[in-house]
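K.L.:
From first to last, the protein sequence lines are chains A and B.
With UniProt numbering, you'll find the first sequence wraps up at 636, consecutive numbering, no jumps.
With UniProt numbering, you'll find the second sequence wraps up at 491, consecutive numbering, no jumps.
None of these hints come from the bench; they were simulated from the model.
Note that the structure is predicted; figures quoted are calculated from it, not measured.
Yeah, the Cβ is synthetic: ideal placement off N, Cα and C, and Gly gets one too.
Treat each hint with caution, since some may be false.
Pair by pair, the computed Cβ-Cβ distance ranges are [claimed, not checked]:
id	chain 1	residue 1	chain 2	residue 2	range
1	A	R579	B	L187	55 to 61 Å
2	A	A620	B	R275	32 to 38 Å
3	B	A14	A	S2	56 to 62 Å
4	B	N206	A	V585	26 to 32 Å
5	A	L624	B	R275	50 to 56 Å
6	B	L212	A	A596	24 to 30 Å
7	B	Y49	A	A596	54 to 60 Å
8	A	A202	B	A362	43 to 49 Å
So these bits of chain B aren't anywhere near chain A, every CB distance computed over 12 Å [to be verified]:
id	residue
9	R28
10	G408
11	D484
Chain A is faced by these chain B residues, among others (derived, beta-carbon under 10 Å) [unchecked claim]:
id	residue
12	P372
13	P460
14	S480
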Amino acid sequence: MSPDVSTPLLIVVPLVAGLLGLLLPQGARRPAALLGVGGAAVALAAALALLPNALPSDRPGALAWRWAQFGGLTVDIALRPSLTAAYVALAVTVVALAVQVYSVAYLHDDDRYAPYAAQVSLFTAAMLIVVFADDLILLLVGWEVMGLCSYLLIGHDRRLPEAPGSAVKAFLVTRAGDVGFLLGIAVLGVSAGSFRVGEVLAADHGPVLLTTGLLLLLCGVAGKSAQFPLHTWLPDAMAGPTPVSALIHAATMVAAGVYVVARLHPLFAESPATLAVLAVVAAVTILLGALAATAQDDIKRVLAWSTVSQIGYMTAALAAGSTSAALFHLLTHAAFKALLFLAAGAVIHAVGTNLMSAMGGLRTAMPATFTAMVVGLGALAGLPPLAGFWSKDTVLVAAAAARDGHGPGPAWAGLVVWLAALLGVAITAWYATRLLLRTFFGARRTGEPYAPPPFPGAAPPHEPAAHGEPHDPPALMRWPVGLLTIAAAVVGLLAFVPAFTAELGLVEAHLDVNGVLALGLLALGAAAAWWRWRAAPAADPAAALGRLRPLFAGAFRIDDAQDLLVVRPAHALARFARRADERVVDGAVEATGAGATRLGVLLGRAHAAAVPRAVAAALAGALLVAVVAAVVGGVA
Amino acid sequence: MNALLIAVLAVPAAGAAAVGLLPARLDRAARLLGVAVAAVTLVAAAALYRPGGAWSGYGVEGYDVRPWHSVDVPWVPDLDLRFHLGVDGVSYPLVVLTALLTLLCCAYTLKHVPEPGAGRKLVALLLALQTGVLGVFLALDLLLFFVFFEITLLPMYAVIAVWGGARRRRAARKFVLYTLAGSVLLLLGVLAAGSGAGTLQLTSANFDGGVLVFALFALAFAVKSPLWPLHTWLPDAHTQAPTVGSVMLAGVLLKMGTYGLIRVGLGTAPDGAERLAPVLGVLAVAAIIVGSLVCLAQTELKRLIAYSSVGHMGFVLLGIATGTAAGIEAALIGNVAHGVITGLLFFLAGAIKDRAHTGELAELGGLRETAPRLAGLLGFAAVASLGLPGLAGFWGEAFAVVAAVQVGGPLWTTLGVLAAVGAALTAAYFLRLLRLVTHGPAATPPLAGITRAEWVAWAPLVLLALVLGLAPGLVVDMASGAVDALTGAAR
């Protein structure tokens, strides 16, 4: 199929499915499921049809329609069906289809399934707009609609008292970043005289303007891709149903920021200062996310923090100057993170809680889920030959090259990301092992959850209650998990497909000192967790963290800092503004009115005089007029 | 086509008289007649469109007005007063918006008559109001413009003072006195501009008002728009006005201020506008920030939406203040979008208040349990209002920021940044509103579903919010020629 047809189709079909779905009555399960699954399936087919016909990255071209013109600035609906975009779109549509199918079973007793399925479709369409957009304003449309859909879906579950708050937080934190994103687009677009990506890339912006514009864009990227310090919304987003977490974490939303930086990377490569900032952010994010993941008891929160950390690897690759490594890791991460969330959903579905302290020993009861989880966690930790191994290796190679001064950014930035990435490997292995052991091995536990010290937005257990003994999920949930298990196992082998490596510009896969080092650290981390668990299978290996455990569990209390530094001052300022507006601004108006009335009363009283005084006043007035007339007349 | 222009004004004027004079026993028939009159007016207004007709370009003199249609007859020849009407790409969207909102309000009044009843009189006043507003948008004679500007005050006063809430008289009095004070300045401005140019016809190229003329106009229109800190009549008026009153006030009346600033302010005093632009820009951004902050701490539904208008009109005024083609076009679409979206928001707020018998945010809650469709619509309107890309509100706000960045320099860049921050604050207070009103446990027993009259009144606005978001060119493109002429004169 020609890209002229398949690319618009890819976006329009889920978009229309979503809009139609919103019009359905809430309880209309069957048509809603048909629209949701059908829309995702058609989009997947269109993505497959696009793949052989897509434009290689070195060939220019885009489909474009004039959208609007503001003064001399035009906005186009422009789509660029590049091969890279086609790969990412494939990942998006596969995950979307898996999520839609899985949700049919997972939300089988939800009375608001219809809007849910429609919102997932819209979410998919919005992400696909971001992927194909060749105009920054169009990209912004997809970008923000995704933010809205995440808000709606995170707040979906009405039984959770914290869900509305988490939803608002997700939208507002990303929207705060988008202040920068919009300004960045404005700066670069005005400088280039056009919002078309090709023209923005080709324009000569000058170093100061370029760095300003890119740093502004990075604010938005940090918000969407959950990078420090705007990552705080992502763990709380776990209030959304588990399939939504899979969607947000794997293929949409968090991937969008990374993708946009990759798309505009030629500009970033010209601005070492921006890359240095990106490197520091990436390094902090990798370690922050990984450390926070070590101390969580909620299985979804472990995965959420692992997403923060893994997205950090992608931005690390971008900071090191390698879009190929970033995009490769984006694709493999999409596969294994979607798998991990859907498998975790199966576990939660079976035991009726999110807390690992109430799990354990599920290996025999849920063999299929166990296999899926092993593959997913292995891929996450970077165990060869699973997907994550290959992509993480390319990230490390890129970081090492940057460390040696072969990247576009400063060498010290390369060193920072290289160290953080290596350290992250060990920590990731540790928490992945802990998750596996706590969930599937040892004896069944039923209670006594470890209660971390309270921090804003903590999610209590909330998933559907279990009925009887835990068992593998129904077919509609098992099939997507199975499909993603295979993907997470083999998608890393794309590194050996010449067409793929040529398009992304990926270096050939090979084992060097970085790889060996990483494998050693992986073994070290996993062994540490296992050794600890082996000594006391009933205890949580996280106890080894000692006094750091509450700090890690509370993710370094950045939430509190955000609350103290932004939220509270904003509310205080709002209350002040309201009072000032009512008392001072409106007070002046009211006082003017009241003053005029009072003056009128006073004058009225002065005129209500008795006859003698009135006559005297009239005569005095006449005298005054005569004197004035005489003086004026005399002068004239 | 000149007959059409006359008809757009004459039909609602005659309709108002007819509807108002019908006896009480024909109340329902009178209201039906009102709807028919409003519908005819809408058709006539829409028919004014001339495809490809632009307010074309740069004449030798610079500022050259060429309306699509015009009527120009002497009125008081000795004073060079003319009954001069015309429509072009700047006024056309507002003319249609006015006719549409009036029709929707009249249709809504078929079923929903606020206390103390006598719906035919309310409809008659709405039609009279419409006549005045359409006159403002069509007038090309400055004094005629002023006359229509004043005519709108009386029906609006009556609507608030008779059909309003508990403190209606006070709010109506404040509205009238405050905006009358603005009108005095407008009259002074008209006289100053007219005596300077030797003509009152806006089609003339002779206007070259300076700082004084623009300052007079800016102050007068700032009261109407309203621009911070001249806005405090608005929350009181909105809170007390009946639903249809609020819709007309936000959707149509405020637009006279921004339209006047573009057509009369920029048109007659381009030099003054350029000199005072920084002041206007700073105040506009202050309106955005203060308006959003007040909304964040607001506790009453209608008051919150009223204050949100202050913020939104701040974006429109920022666009005008930049003086660039991009900024003014952003202001035009922002103007129309605000009319559509805030009109819808006031309809919804009225419906919620009528059903729950309270507008206090603390006493509402769980609307998605008690009235899911209403909650969905409120969510849509709120999201449209916070400027979600893809819906109508986005273009005006985003391109006001882009235009400020485009002007460049430390001042305008700062203004652009602050305006963008204001957009984030807008999201914050609308999400707070949704969280308090739609989420959480149900605070009231299940509310009545949406009636057919309500669907009829709301559906066009929902649709327009979506259509203008997807096709902003509908408004922007037809105005581009006129805006080029205007900025060509200003630069």
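K.L.:
Hints first: check each against the structure and report whether it holds.
P.N.:
Comparing the hints with the structure gives:
1. Under the hint 55 to 61 Å, the C-beta atoms of R579 (chain A) and L187 (chain B), about 35 Å apart, miss the expected range.
2. Between A620 (chain A) and R275 (chain B), the C-beta spacing of about 49 Å breaks the proposed range 32 to 38 Å.
3. In this structure the supplied range 56 to 62 Å holds for A14 (chain B) paired with S2 (chain A), their Cβ-Cβ distance being about 58 Å.
4. Checked against the hint of 26 to 32 Å, the pair N206 (chain B) and V585 (chain A) fails, with Cβ atoms roughly 38 Å apart.
5. Distance hint check for L624 (chain A) and R275 (chain B): the Cβ-Cβ separation is about 44 Å, which falls outside the suggested range of 50 to 56 Å.
6. For the hinted restraint 24 to 30 Å between L212 (chain B) and A596 (chain A), the CB-CB distance of approximately 26 Å keeps it satisfied.
7. For the pair Y49 (chain B) and A596 (chain A), the beta carbons lie near 47 Å from each other, so the given range of 54 to 60 Å is not met.
8. Against the hinted window of 43 to 49 Å, the Cβ-Cβ separation of A202 (chain A) and A362 (chain B) comes to about 55 Å, which falls outside the hint.
9. Residue placement check: R28 (chain B) keeps its beta carbon more than 12 Å from all beta carbons of chain A (closest about 32 Å).
10. A beta-carbon of chain A comes within 12 Å of the beta-carbon of G408 (chain B); the shortest separation is about 8 Å.
11. At the 12 Å boundary, the C-beta of D484 (chain B) falls inside the reach of chain A, the nearest C-beta of that chain being 8 Å off.
12. A hinted interface residue such as P372 (chain B) counts as satisfied when its beta carbon comes closer than 10 Å to some beta carbon of chain A; here the least separation is about 6 Å, so the hint holds.
13. Of the supplied interface hints, the one on P460 (chain B) is violated, with its beta-carbon coming no nearer than about 16 Å to a beta-carbon of chain A, more than 10 Å.
14. Given hint, S480 (chain B) at the interface with chain A, holds; its Cβ is 7 Å from that chain's nearest Cβ, closer than 10 Å.
Taken one by one, the earlier hints fail for this structure at numbers 1, 2, 4, 5, 7, 8, 10, 11, 13, listed in ascending order.
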